[in-house]
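With chain A fixed as given, assemble chains B and C onto it according to the hints.
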Amino acid sequence: MSEPVVETQDLAVQFGGVHAVDHVNFILRERELRCLIGPNGAGKSTFFKSITGQIRAANSSGRVFIRGQDVTGWATRHIMRLGIGVKTQVPSVMNGLTVLENLWLSARRTAGHDGADAAVEEVVAELELNGIARRLVGELAHGQRQLVEIGTVLANKPWLVLLDEPAAGLTNAETDRLVAIIKRINQTATLIVVDHDMHFVRTLDSWITVFHQGAILVEGHADKVLTDPSVREVYLGNRA
Amino acid sequence: MTSSGFGIGRIRWNWLGALAVLIAALPLVYETSTPTLLAIWALFALSLALMWGYAGILSFGHAAYFGLGAYTYAIASFNIGESTVPLLLALVVPAIVAAIIGALMFYGRISDVYLGVMTLVVTLILNRFMNATAGDAYRIGNARLGGFNGIPAFPTLNVPGDPNWAIYGTAYYYVVIVCLLAAYLIARWILSSAFGRTLIGIRENEQRMELLGYDVAGYKTAIFSVSGAMAGLAGSLFANWAEIVTPSVFSLGQTAEVLIWVIVGGLGTLIGPMIAAVALGSLKLGLGHQTTIDNSLVLGAILILVVLLIPRGFAPSFAAWRRLFAQAQVHRRQARSTRRRRLALQDAKQ
Amino acid sequence: MDYAAIVVLEILYMIAFLALISAGLAIVFGMMRVINLAHGEFVMLGGYATIASAKAGINIYLAMLVISPIVVGVIGLIVERLIVRFLYGRMIDVMLATWGLSLLLIGLVTLIFGNTAVSVPAPIPGYQIGHYQMGGYNLFVIAVAAILMSAMWFALRYTRIGLVARGAMQGREIISALGYNPNTIYMLTFMVGAALSGLAGGVMAPLTGLLPSVGGAYIAKAFITVITGGAAVIAGTLTTAALFGTVDQLVSFASTPVVGEIAMLGLALILLRLMPQGITGQFFRNST
Numbered sequence: 125m126s127e128p129v130v131e132t133q134d135l136a137v138q139f140g141g142v143h144a145v146d147h148v149n150f151i152l153r154e155r156e157l158r159c160l161i162g163p164n165g166a167g168k169s170t171f172f173k174s175i176t177g178q179i180r181a182a183n184s185s186g187r188v189f190i191r192g193q194d195v196t197g198w199a200t201r202h203i204m205r206l207g208i209g210v211k212t213q214v215p216s217v218m219n220g221l222t223v224l225e226n227l228w229l230s231a232r233r234t235a236g237h238d239g240a241d242a243a244v245e246e247v248v249a250e251l252e253l254n255g256i257a258r259r260l261v262g263e264l265a266h267g268q269r270q271l272v273e274i275g276t277v278l279a280n281k282p283w284l285v286l287l288d289e290p291a292a293g294l295t296n297a298e299t300d301r302l303v304a305i306i307k308r309i310n311q312t313a314t315l316i317v318v319d320h321d322m323h324f325v326r327t328l329d330s331w332i333t334v335f336h337q338g339a340i341l342v343e344g345h346a347d348k349v350l351t352d353p354s355v356r357e358v359y360l361g362n363r364a
Numbered sequence: 003m004t005s006s007g008f009g010i011g012r013i014r015w016n017w018l019g020a021l022a023v024l025i026a027a028l029p030l031v032y033e034t035s036t037p038t039l040l041a042i043w044a045l046f047a048l049s050l051a052l053m054w055g056y057a058g059i060l061s062f063g064h065a066a067y068f069g070l071g072a073y074t075y076a077i078a079s080f081n082i083g084e085s086t087v088p089l090l091l092a093l094v095v096p097a098i099v100a101a102i103i104g105a106l107m108f109y110g111r112i113s114d115v116y117l118g119v120m121t122l123v124v125t126l127i128l129n130r131f132m133n134a135t136a137g138d139a140y141r142i143g144n145a146r147l148g149g150f151n152g153i154p155a156f157p158t159l160n161v162p163g164d165p166n167w168a169i170y171g172t173a174y175y176y177v178v179i180v181c182l183l184a185a186y187l188i189a190r191w192i193l194s195s196a197f198g199r200t201l202i203g204i205r206e207n208e209q210r211m212e213l214l215g216y217d218v219a220g221y222k223t224a225i226f227s228v229s230g231a232m233a234g235l236a237g238s239l240f241a242n243w244a245e246i247v248t249p250s251v252f253s254l255g256q257t258a259e260v261l262i263w264v265i266v267g268g269l270g271t272l273i274g275p276m277i278a279a280v281a282l283g284s285l286k287l288g289l290g291h292q293t294t295i296d297n298s299l300v301l302g303a304i305l306i307l308v309v310l311l312i313p314r315g316f317a318p319s320f321a322a323w324r325r326l327f328a329q330a331q332v333h334r335r336q337a338r339s340t341r342r343r344r345l346a347l348q349d350a351k352q
Numbered sequence: 005m006d007y008a009a010i011v012v013l014e015i016l017y018m019i020a021f022l023a024l025i026s027a028g029l030a031i032v033f034g035m036m037r038v039i040n041l042a043h044g045e046f047v048m049l050g051g052y053a054t055i056a057s058a059k060a061g062i063n064i065y066l067a068m069l070v071i072s073p074i075v076v077g078v079i080g081l082i083v084e085r086l087i088v089r090f091l092y093g094r095m096i097d098v099m100l101a102t103w104g105l106s107l108l109l110i111g112l113v114t115l116i117f118g119n120t121a122v123s124v125p126a127p128i129p130g131y132q133i134g135h136y137q138m139g140g141y142n143l144f145v146i147a148v149a150a151i152l153m154s155a156m157w158f159a160l161r162y163t164r165i166g167l168v169a170r171g172a173m174q175g176r177e178i179i180s181a182l183g184y185n186p187n188t189i190y191m192l193t194f195m196v197g198a199a200l201s202g203l204a205g206g207v208m209a210p211l212t213g214l215l216p217s218v219g220g221a222y223i224a225k226a227f228i229t230v231i232t233g234g235a236a237v238i239a240g241t242l243t244t245a246a247l248f249g250t251v252d253q254l255v256s257f258a259s260t261p262v263v264g265e266i267a268m269l270g271l272a273l274i275l276l277r278l279m280p281q282g283i284t285g286q287f288f289r290n291s292t
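Chains as they are written, first to last, in our numbering: chain A, 125 to 364; chain B, 3 to 352; chain C, 5 to 292.
So that you can see chain A by itself, here it is in the shape it has in the complex (with noise of 0.2 Å):
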């Protein structure tokens, strides 16, 4: 097998007393799609952030590698820079900007500035974004900002996408049309994706990773886990 895209040894993240993350293995390997789920508060998203540099070294310890590389206390900008596109929890895009400018920003920093519209355009037309190109992102309907942020990820062709929640506030068209799109991106690219949405997750069909308190649960293919004991009663709350 390949070395893998992603992998952690050791990783915590504590915050005063609390372990966002706890000691968490992981490891990722090229072109899978990977689903991770857990309650609230069992450290999805920090480790998310730990992956892309966003969690500040005196909170952290173990090492993250990306490709084999050492990534362990790289700035943001520099992993970021490795080929990786992050849709954040929290809807991140420039408001008062149109979705083409968006795109455009996205797909400068790869492909230049003469590849740049070239870039934009297929995003587009991947995307079907033609209708609402030249509209200012702030006025857009939550579902359609969630895509376009999807947009700006994909724009400068990232081989590794993580997606936080991309299903939050969709309607089932809308995951329905996620889910074929997340499918089309892992035809060239690798994935994580964080959510909520078991419909969405479901549709998915891939391997999963739980998370609970801040360390990996288990891990197996979706029909397996999804259908495991413990992790129904992590998440309808019969064990501590």
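The set of hints was computed from the structure by calculation and includes no laboratory data.
Predicted model only: the values in this text are computed from it and were never measured.
Where hints are given, some of them may not hold.
According to the in silico footprint, chain B covers these stretches of chain C (three or more CB under 8 Å from chain B) [to be verified]: (1) 91–97; (2) 107–117; (3) 216–227; (4) 270–276.
Even for Gly, the Cβ is constructed at its ideal location relative to N, Cα and C.
Chains B and C only, in chain A's frame:
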């Protein structure tokens, strides 16, 4: 082009040309001393408008670079005797200082209030320091720093190469106008470049730009430095106009004034603050000639009213202005296509 | 030995000075995240109120400890109702509007009192320590500052009002949750902050000649003290006042007052760079 203009319109060359002609013809009907000063203030306002309006960096001590430019010119011209190099230095020194201070702040993730405080403190330090440099002990080369009396009687602008051929009066007015115009065009050029668009993106959402892999702190430091250079140029031109440099160039009052010009003129435009600088500057000079209405009172009232009356703060007004602009663009495009269709129909009929 | 006593007294005085002039701003910033750049002018108005009252024959202690706070408190109330209350939550807008207010107040005072310095003599005579003559009034200032800080700390910690105030520092909703009207609380807070500034101005009045422009000196130092102090009102203000006062005076004694002031400003820059949340954002996190 698939991406639109990021809110930066195209330069209306006809308007600019007309304005340039008017400005050039001014000396025929009016004295040039006051307009020169107003143009210098407009340049100062431009430097802050660029940095604050488009990159979102609010400095509470922009007078620091204005003052640095003024003092650098005075000290350098005293020592060199000719004015070309000092003028260049007056651009370079503030730029370097701004780059250092900017890097310290931006790479330290300082922003908003804390940025305001730090920039304020820098100006205060310069102000206090310069005020205390009376006496022979404080000199750089030939130039005595002079404490709160400042540095008088330094060589003013001359034609490059010939220290005896001084530029003053109407000729100096034209020099200042050319500098102002050049700075404006450079600012527009920056904004329409990829660098400028990145800055606008940073202003809109720093976190997202960081996540896209941009060196946000680096971009901010760069524009801070450019803005510092522009302010420094304004300062050195001011030094030449006033023919004396005192610590008041570093004053809180000076820094407050430029902030007021930018806000009143319109945060998010370049022309607005420049016009406001001219208008409010004229008001201040006019008020200075009488004692019934105090200048501070008027400026203060204006600032309060502007802040209170701009609904919901400044951030939405970027979007609002963009929306108007976008709507205007859409109308123009519709009008064009309607015209084309009408012409096509007419052709078809014939 | 006497020299050491002098140094200590001067340091204490500087700390007291910084704490006094920052107290009002700290309350308003700590509770409402409002940075009142007209704070220096509130202090200045307190000074003018005291001097005007004293010249009208009123007992100077009454003037500085009662009249100044009341007068400036009322002015603060007017300012809050007319300007500040529309701008809560918009920190930069508040700063700009209050900057405008400070200009306005300077203009008004210049109009009313003119541009020449006014002053009033210090009511406490000097005394001797060894070979040195010390201003006795400085001791009074130190005492006032100490009493004020203690009273504020006590009020915040042990009274119901203090509880509401500390809740307010966490967020506007907490005030409602406690059963009070946030608008009223904010209005009262601003008033109290203004009154404290007036008190500071009144107390400081006998020490310097008063001009409409003295506010500028006060606001810079108070601003830096409060922001560097961080969110905790008492602990933050006292810590930075102590740090700055000590550095300023020690360096001043070693060289000149200007260098001392610059050293203090430089220290502020370093602290802000290292601790962007202020000192009590980093240490002493749960203090008042």
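Quick rundown of the hints versus the structure:
For the stretch 91–97 of chain C, the stated coverage by chain B holds: 5 residues have a C-beta nearer than 8 Å to a C-beta of that chain, and at least 3 were required. Under a criterion of three residues with beta carbons nearer than 8 Å to beta carbons of chain B, the stated coverage of the stretch 107–117 of chain C is upheld, 8 such residues being counted. A stretch counts as covered by a chain when three or more of its residues have a beta carbon under 8 Å from one of that chain; for the stretch 216–227 of chain C and chain B the count is 3, and the coverage holds. Under a criterion of three residues with beta carbons nearer than 8 Å to beta carbons of chain B, the stated coverage of the stretch 270–276 of chain C is upheld, 4 such residues being counted.
Of the numbered hints given earlier, the model fails none.
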